[in-house]
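Given chain A, put chains B, C and D in place with the hints provided.
Protein chains in written order, with full-length UniProt numbering: chain A, 1 to 359; chain B, 1 to 359; chain C, 1 to 359; chain D, 1 to 359.
If you are wondering where the hints come from, they were derived from the structure by calculation, not from laboratory data. Errors might be hidden in some of the hints.
Said to hold, decoys possible - Here are the simulated EDC-like cross-link-like pairs (lysine to aspartate or glutamate), alpha carbons at most 16 Å apart as the crow flies:
#, chain 1, residue 1, chain 2, residue 2
1, A, 249, A, 262
2, A, 250, A, 238
3, D, 222, A, 58
4, D, 52, D, 35
5, B, 250, B, 237
6, C, 222, B, 58
7, A, 222, D, 262
8, B, 102, B, 35
9, B, 222, C, 58
10, D, 249, D, 262
11, B, 330, B, 35
12, C, 249, C, 262
What the hints assert, rightly or not - Some, not all, of what chain D presents toward chain A, calculated at C-beta under 7 Å:
#, residue
13, 153
14, 191
15, 194
16, 295
17, 348
Just so you know, even glycine gets a beta-carbon here, dropped at the ideal spot from N, CA and C.
4 protein chains.
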Amino acid sequence: MRRIGMLTSGGDCQALNATMRGVAKSLYNMYDDVEIIGFEDGYKGLIYANYKIMQPSDFSGILTEGGTILGTSRQPFKQMRVPDENGLDKVESMKHTYRKLKLNCLVVLGGNGSQKTANMLSEEGLNVVSLPKTIDNDLWGTEMTFGFQSAVNIATNAIDCIHTTAASHRRVFIVEVMGHKVGWLTLHAGMAGGADIILLPEIPYDINVVCEAITRRSKAGKHFSILAVAEGAISKEEAAMTKKQLKEKKKNGPVYPSVAYEIGARITEITGSEVRVTVPGHTQRGGSPCAYDRVISTRLGAEAARLIAEEQYGYMVAFRGNDIVQVPLKEVAGKLKTVDPGCAMIQEAKMVGICFGDE
Amino acid sequence: MRRIGMLTSGGDCQALNATMRGVAKSLYNMYDDVEIIGFEDGYKGLIYANYKIMQPSDFSGILTEGGTILGTSRQPFKQMRVPDENGLDKVESMKHTYRKLKLNCLVVLGGNGSQKTANMLSEEGLNVVSLPKTIDNDLWGTEMTFGFQSAVNIATNAIDCIHTTAASHRRVFIVEVMGHKVGWLTLHAGMAGGADIILLPEIPYDINVVCEAITRRSKAGKHFSILAVAEGAISKEEAAMTKKQLKEKKKNGPVYPSVAYEIGARITEITGSEVRVTVPGHTQRGGSPCAYDRVISTRLGAEAARLIAEEQYGYMVAFRGNDIVQVPLKEVAGKLKTVDPGCAMIQEAKMVGICFGDE
Amino acid sequence: MRRIGMLTSGGDCQALNATMRGVAKSLYNMYDDVEIIGFEDGYKGLIYANYKIMQPSDFSGILTEGGTILGTSRQPFKQMRVPDENGLDKVESMKHTYRKLKLNCLVVLGGNGSQKTANMLSEEGLNVVSLPKTIDNDLWGTEMTFGFQSAVNIATNAIDCIHTTAASHRRVFIVEVMGHKVGWLTLHAGMAGGADIILLPEIPYDINVVCEAITRRSKAGKHFSILAVAEGAISKEEAAMTKKQLKEKKKNGPVYPSVAYEIGARITEITGSEVRVTVPGHTQRGGSPCAYDRVISTRLGAEAARLIAEEQYGYMVAFRGNDIVQVPLKEVAGKLKTVDPGCAMIQEAKMVGICFGDE
Amino acid sequence: MRRIGMLTSGGDCQALNATMRGVAKSLYNMYDDVEIIGFEDGYKGLIYANYKIMQPSDFSGILTEGGTILGTSRQPFKQMRVPDENGLDKVESMKHTYRKLKLNCLVVLGGNGSQKTANMLSEEGLNVVSLPKTIDNDLWGTEMTFGFQSAVNIATNAIDCIHTTAASHRRVFIVEVMGHKVGWLTLHAGMAGGADIILLPEIPYDINVVCEAITRRSKAGKHFSILAVAEGAISKEEAAMTKKQLKEKKKNGPVYPSVAYEIGARITEITGSEVRVTVPGHTQRGGSPCAYDRVISTRLGAEAARLIAEEQYGYMVAFRGNDIVQVPLKEVAGKLKTVDPGCAMIQEAKMVGICFGDE
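Bound conformation, chain A alone (with noise of 0.2 Å):
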């Protein structure tokens, strides 16, 4: 008998469903005897305890829902030493968990912080696989993260709805997409859907550099312009600031619920433009995935599933060039794959336009 845990950590996305799906049919198609246990949201449910034995059944019609059918919580890396308000230590109630359940291996499916939990794991002496999973794809190691398409997708339509009623009248949107600190949807998005500016965390803007672009647009017969906003984005002054600095700025100056109401408000400002914000929010982790999530979900949940089978473990399994491949996880956790302002996909973009805000 195969025992195999499952968990979904961190912020939910598309395709988190469709993964489970492409590892547990494999495990049933190989083994008689295997069994799943599904962790109840994330790294919460190995540290008490709570599990449910799941059957084939539970797999099954799954391939297009959202969510998990595990629940998730955002379980901090960093507090993951820190013992609980009971003063229990998480990381030995995991491996106690762990062993009690006589597990082979757990497959954890999350983003950046997962990762890192999931490496301490795999360095404690568990069996861990681990699985990509992002809306910000922003994971190290990989081409692509499982539910990155599908946020692509509907920040996308966001931006082409207001495409069609910013050309019928002469204002300034801006359509503000998920990303604290990696730009990569936000690009995606933009670019899909034609925004003329794009502000992204990794490139400080200066307000005035924006400004000019939407009024040469409005010289140039186009009056309306459209801004893709990452959440994080950050102005020239601000990046510029120590910690303490930006504290001081959001104390004293007027507070906006996010980004984009403050840059609205300074566009209006600099160029009297009325502007309109559009905040599509948690939309953006949800709905059915894509073809695009669930074909790489069914993939990259299959070859979790060999890598079990073969006893390969300690490694995320990864996406490379249409390619399935394992990436040990002491090499994932820890870093970050942000956008780099000099690289290929930037340029293109300037090439056809877009501004940036940095020049």
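Using the frame of chain A, we list chains B, C and D on its own:
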């Protein structure tokens, strides 16, 4: 030679082009010598004689296009009798343009304010036929306006996306739906999306009732709640305030970019729940019109052409019980079709358990 | 304790689950002690007493799901009085099951044939409330059936996709839309998709008239034509044939899997045009119900529950002019709502230039 | 003054306009004096000198539009050297047009055949840069072609819709996916849609193996099966036939409009199951390009412009591992990228239980 003027007025919406196509194709099929004059940017084009002579090919391929090929602008009815900055009387200018161009009829696609102006022009002696445009479905005299069902689809889709992600986390989600004075869009999207709580301008809410509904769900094991909130949702306290008091409140309290953020802050304050806000904003006016809107737009357009052919002027073409009817403009002008808190649809929504914050 | 039976009958469609949810949520909210019994696979479940006791949680999260959680089957009305292979009288069996389970009422979601059976059961003394299900919108007594608008969306989307590719090539495209006897679905999708030619079961076509319309477009520089053809489209020759002659024709001529291929072959024969056929087929019954369908389903469901509460039996709940009304089953049973060739909508379609092959 | 010719060739697909926009916007941004000449209807426009001088505004707003603003046609490579009906040598004519218009470069958007012609023109001394267009993703030298992911979405959506209705009835459903020689589209859509059986041109099927898979599912309580079948799916018997034998078979057997109907008939014959066929057909080439395609199209277009600026001719711009690279045309021409029956993706698909009819 028949000469027909046409304009689109007010906030844009999804089937303006489809409707104009319906009018134009019908006219071109009926008459060999009809000429359609398109005024740019709504009544502004009529006031300042900005127009283009349309060709049949201009109306080809636009059935599925959002926005309006004529452009639009808001020209508040109240200011129509106020001379512009150059002392120009706008009403006289419109009449002048109409006569100079020897129009047989003016076709107006517009919402509430635009219908008032259409009626005034009709009373001033112009031949006017109007069409019911608005995502708000708040026009008196018609069961349905074009644009409404397309907007419902977009707002519903936002709630759908939130649903999958909400079920994975444990939070309160607010989707802010367009509608400052009228709640039809929020009511339909809220019902279609399976929102737990719907807040409308017509039904002042008690924040405690809202929070109790959230807590009740939580106690029943449903660890998330979704609110569909109209832009013009109003609390019982606010509803009881004078205009002056409302202004005071706004001046002294924290400033929120829109009502959803304020309600979200109150919910966190009272229940301690994390709240996430989604603002689809102008996406609700954009994108390709849905099949429903394209059908009624084509039908409304054809019937407008028939009225013109029969020289029946002074009417808005309207939709009633799957039929297209005509309603005298003077009956339409100045009336708003709001959500009656006691209407069947609200009762049905309450029967399936939706909370409106009122009891 | 109230005991309510429920079944879904006939070809499936998109908002069956949404409607059952509407009924169930309303009942559970009204009564503490209601029990809903779900019969499996339509009337078959009632005949053979295959059922499950439903729980409130069964109706949770199904608003957006296509298909039916109860399953469905076709049980032709004509064979209801014919004993089955074991000599079982089906009508008596249904009455027996109803009584044995001590039902207060049976809720039937069905189309034409199913309503006839519902009426028969009502006349046999059972308490029946029915709901209007069909993608064909051919039920007498209601302006709209749930499923219809969702199916219109899918068929329209197919025509939309064809449009972009048709405009690049020079061909005739046929999209075959569901509807053997009634053309509402084809008419709505055809209008919404901007089809040039629409062929319906109710309006026999002359293939030469169809080909002339194609040639006329071609001469006017429009090098493609799109036909929306109902499965049951019929030529004038066929319409004039006896059943025997029709059978002869089928036996002797080439065999086509469906009418679109036959019409395509004739068009190629006469005009020399390349023809491409698209058959969306059962996709038209699938997918998530559209917002419109979810709203009317929820409303219809709530009103069905109200009828049950008021012990008003023998009715179909129906939709008229944005209101939900009740229609005696005996008025509904056996009547078909077909497209009247002289109705306003056909005239409007002709005004915008759509050819129906009849003149 | 730089003069750049541009044409779209072969079957159309979804991001042709997006790609041309990418090339054009980049060129206009780089040069003040560039002129783009658009040839109409593919190579035909180059042969017969049918062209238009494009304006920057021609490329505005087309990012999201399906089809091609230049039109397209199939000009088989084999017939390029065969004089036309007037004795005109097509290759010489193309060279003549190119020189007469003093082009600096010709940009070709095309699939397999078109790349062969592009290579020939390059070998004949013209400056050529080409871009990989096809819904089939069968071009050698690139991991991805634009159009492919959009087509996958449409075919997947068809399977999704079938899924909900299939689960309610008890039938076998066949969705016929485009692809006469290459199965990538069917493979991706089949995996994304959760098809149970996938039949590809590259993997000859045994109808008995297919029917056993259906029966096995049925015995396991899954009363429906969904097949994703490529247009060019081929049985083991057919694969073993000579061309002459194949012709004989076609002449003597029943005639089916396409392979799905034939396979359906065999399944009914062997298993007795009711089979329903869906043919999305040319819808797979239509509609707005998906976000993924718009991103790679814009990137590919920008890099094509860079090659032109650097006077690097004789290349196809290609996509590899998230990077845009250039591949010599002579390496691309005449090679087909087919599905290797032993490749990782097929193995992964088999791991999750998909049957390919081969074993």
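Quick rundown of the hints versus the structure:
{"no.": "1", "hint": "A:249 to A:262", "result": "12 Å, holds"}
{"no.": "2", "hint": "A:250 to A:238", "result": "11 Å, holds"}
{"no.": "3", "hint": "D:222 to A:58", "result": "14 Å, holds"}
{"no.": "4", "hint": "D:52 to D:35", "result": "11 Å, holds"}
{"no.": "5", "hint": "B:250 to B:237", "result": "13 Å, holds"}
{"no.": "6", "hint": "C:222 to B:58", "result": "14 Å, holds"}
{"no.": "7", "hint": "A:222 to D:262", "result": "55 Å, violated"}
{"no.": "8", "hint": "B:102 to B:35", "result": "11 Å, holds"}
{"no.": "9", "hint": "B:222 to C:58", "result": "14 Å, holds"}
{"no.": "10", "hint": "D:249 to D:262", "result": "12 Å, holds"}
{"no.": "11", "hint": "B:330 to B:35", "result": "28 Å, violated"}
{"no.": "12", "hint": "C:249 to C:262", "result": "12 Å, holds"}
{"no.": "13", "hint": "153", "result": "5 Å, holds"}
{"no.": "14", "hint": "191", "result": "5 Å, holds"}
{"no.": "15", "hint": "194", "result": "4 Å, holds"}
{"no.": "16", "hint": "295", "result": "5 Å, holds"}
{"no.": "17", "hint": "348", "result": "4 Å, holds"}
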